[in-house]
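K.L.:
For reference, the chains in residue letters:
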Amino acid sequence: MNSPLNLLRGRVARVGMAWLAAATLTDVHFWSMLRGGSYVAQASAQAAINSTLAVVVVPGPKKGGDDAEALERLLGDAAGRLDTVRPFELSPLANAENEVIAADNIEDALRALLLRTPKRAQERLMAAAGKLKEAPQAGDERLYARLYKAQALALLAVGDLLPARDALVKSLVLVRTQKEEEYAAYGSQAKELYTAAAGGVQKGPTGDVKVVARGGKADIWIDGDWRGTGTAQASSLPVGLHRITVRQSGQIAERRFVEVTAGKGVTAEFDLKPATFAPDLEQGRAVLAANFKQPSVVEDRTRELRNQLGADQMLVVRPAKDKKVTQLQGWFLGADGSFRKVEKTIDMDDKYFDRLGDFLAETVGAKLGPDVATTPLDQRQSVVVQSAGARHAAAEKIDPGKIFDDDDNKKKKSVMTQWWFWTAVAAGAGLIGGGIYFLTSGPTTEAAGAQGTVTVKLHKAATP
Amino acid sequence: MPQYLDFQHSPVLAPLLSGALALGTALGATGCAQDPEPTAELALVGVQVAALATCGGAAGDPLGEIKTLQLKVRENVGGNMQNTLKNAAVASLGAGSDSASFPAIPAGGPREVTLLGVDGAGNAKWYGRRNGVNIKKNETTELHMTMMALDAFTCVGAPQMPNAVFAATASMDAGRVLITGGFGNATANGAVTTLEKPSDSAYIFDTNMGTFEKLPVTMKAARAGHSMIYLPKLNQVLIVGGTTKMSVPTDGPPQWQAADGVGLTYEVFDVATKTFIEGANYGANCRKRVFANLIALTDDYVVAMGGAPWPISSSDDYAKSDRFTSKHSGTEKTGHFEDAGNALQLNAVRAGAAVAYMAPTANGTARYFIWGGATIDQHFCPTTAGPGDCPTPSEILHGEVFVESTEPGTGAMYSDFVLDAGDKSYDTKSSLFFPTLTQVKRTVAEGQPETFTFLVLGGARYDPFASPAVWKAPSLDDAYLLEVREPSDTLHTKRRVTPKRVSGLASGVYMHQSNLSGPAQVLISGGFTAYNAPASFSMQYFDLATQKLLGKDKLAGSGAFIKRGGHSALTLRNDCVLMFGGASQLAAGALSSTQPAVSDVYCPKFLVP
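Respectively, the protein sequence lines represent chains A and B. Using this note's numbering, the letters of the first sequence correspond one by one to residues 1 to 464. Using this note's numbering, the letters of the second sequence correspond one by one to residues 1001 to 1609.
The hints are simulated quantities; they were obtained by calculation from the structure and are not laboratory data. Small disclaimer: the values here were computed from a predicted structure and weren't measured. Cβ atoms here follow ideal geometry from the backbone N, Cα and C, with glycine treated the same way. A hint or two may mislead.
Said to hold, decoys possible - Only some residues are given here: those of chain A computed to face chain B with a beta carbon under 8 Å: (1) Val100; (2) Ser235; (3) Ala290; (4) Gln294; (5) Gly310.
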């Protein structure tokens, strides 16, 4: 539990969706390209990602099973920072595709909010919420924080102030490192909403949470922070919904919201189910460990394991460490079928995680990007629309394939001047936690807005 | 025959073509009360299964039984996801009434509108659905729905409607279905059973109105084992190939050879005028195919492929595909087949292959996955052959992908994929004919190759390398998910196909059907579990969410299924499945009745939102 690897691991937020970070980085350049008259698709930043990488760490001959698992997790996290490689999850999430689609829609919604088209944003958010509702385990804390932020801004834009406050508080409860400048591009009202909501979260009541994973080997993250293996606790968390992630190699990862209430402790139990490839992975890992000094056996088994898993590339390493360094030896199977030996000695200092990333980058021939956990949740530049025509054109650039009614000319209320709003915001932070607004409001979501009458004329089928 | 072409996951094609392009389906000709079949014709066809009832259930009168109605409205949000907008608006159905109104329904579209009919005991026994409905704001939207039995069979058809094997069906506009042809008789010919007397009759079933109309005109040629595809721009149905005779050995599935009188090219059904139009220039440029695969390209171009004799084909002519163009002069009533030369050539001579729509390419053109049906020509392996002269199992090209190009009516077939090891139970050393192929998943993730998952079920396997060559018994191993991963443009890696066996199939089966029923389940029906034996397979379903083959928990009504094979099954626009025709056994003794066709619709319980 307290080995150097585990301590280092504690500072590493789980990189669930490497592409999300890439998409955020793309935004810095997005608007200038847009103003230049050429649309650059959102996927442009990820166009270089061309393969998946599975990392398997086998324990050394003497000891170190726990360290091997920890190192495997760290290397998997580091793989998420590579620019041309996506980590192949050995603890996969079911319905991960829903996560991708939802993130795509949230990104579109945030862009729409920049362009002051809240209805378009609401359409995208409805779609995102639907995808996440369909797969409750999809979406990490950053994704939900972005969703809630976008919801808050969309609601703010149409003058629904209290729901906007509630949504933003939920976002800040999940990712508390958000800063005011991340709201600047959305206008002064957004900044004021942030200031009020963040203050409420910081000064509001707190509670404790305890997470227990059956089997005692699964890693536990609370709001993206690694908290332990098997059992984890966190105290003085802001009240509200917190995202718990539990993963173990060969097991289906599980994510869940846990509601923290003021002054109380809550316990959440997890029982992971094996992934479909678990037997193959277990057997393959055992064969690799037992035959690690026989390259021909390792190559054959690595190729087979790669096919069984469905990854494009595979790195198999075995660590040997002392108090100051980790020596890695192993083999790398490339997407082109090449198979070669790899070896590296890595100092265990405060840059250990980066050094692991460098080792991976060097091995697969990629570049190491920033740690997602240290990047802003949603940093954007503002966009200035010169005219209605330009605004419309810019809006169309968001997604040429989808057309929505442009009825976002609704006159906005000057809400920030209303005394009751700020009173409600200040008082509201401690009252949040009554379930996930928008997503878990029951099995039926009544559509707001226009209605019509349906008349059905019944018929019988012509029978023989 | 199985459904060889699955368009149900095509966002572009599905609205018009969902199930419409199921090829080689076996349907029976039907009659109607107003226009009964002549007695003489009944005597001639006589393709009825003595043991078969006319349908899987005698459902009551929905208008008499329904006391209240529940309306449920969902919207499509990104593909298959459906968000419930209105859950169970309730209205009473008064005595003698046949309509009900539901106010305050969320406007907009497209919507899925489901209606449940509840009887006096509070049981939801009847079902109706319309997809793609646009509910008008502050107005009344009138819908017509045929109420069908829920988790039970609804008989459809007309009195004295003759049964048929290997007829064809196609969905057309407005929920209508065209049904044509099929064998009407079977006779013993030594140890071989001959299927014969194909029908030239045609019928239209209207899913919304419930009508079942026998057309006053007939096809230009009687045919069975033909294929049909709806052409939305022309509002016509292209009918290709078929045969007038088939031979059923005791140790294999039915087969056809050139000597069986195969001389059928194509004709076109014009929906607006309800007339059949003969193929231009006596069907020039259209090869004579049986159970051909028809795939739709943009602008109503159609590629006809496969349909070779099976399991052996000594000519590579059938590796070539034919191209239908909808372009025609003002004096012509329809399009025509044009000489495509060696373009559009398959990488193998195929017969009874299964084809499923994949997804649009980045250019917006179509992609199709083709699986099975590869024939091996043993004639290339004389007894005097030397090393390397004979085909080997590795030369069986199990599948390929057709990619439409940006030039209208063109494309290419690619077979250079890597067949990963997958499950060892997957048989790579024999040819698979007539499996069903259904796309059950598509994954598009940034940085990862686009991945498709297809459910492949059943089929008849032929081992040309055994001595002597042999048809293998239908196997439980022929139930698997095929994961197809597209190549990466950056790495130039090959397409990769990985089979993973799915457990839970009740038995190996062929001449069955698989249909996507609603967004989340595949309904498997009928088929034969052994050669020269009565049909014994009933119904199962594959659940997309759990990726499992399941049985009775949500198919309680399946016990009433009339067991048969060689039937047709087509997903209707209300997501129920029309099952038509078929025989309890492909043998003369079992095809001697003159009962009406077995024809029914099954609406699974899992369709209820």
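K.L.:
Hint by hint, say whether it matches the structure.
P.N.:
Here's how the hints hold up against the structure:
no.	hint	result
1	Val100	5 Å, holds
2	Ser235	37 Å, violated
3	Ala290	21 Å, violated
4	Gln294	21 Å, violated
5	Gly310	7 Å, holds
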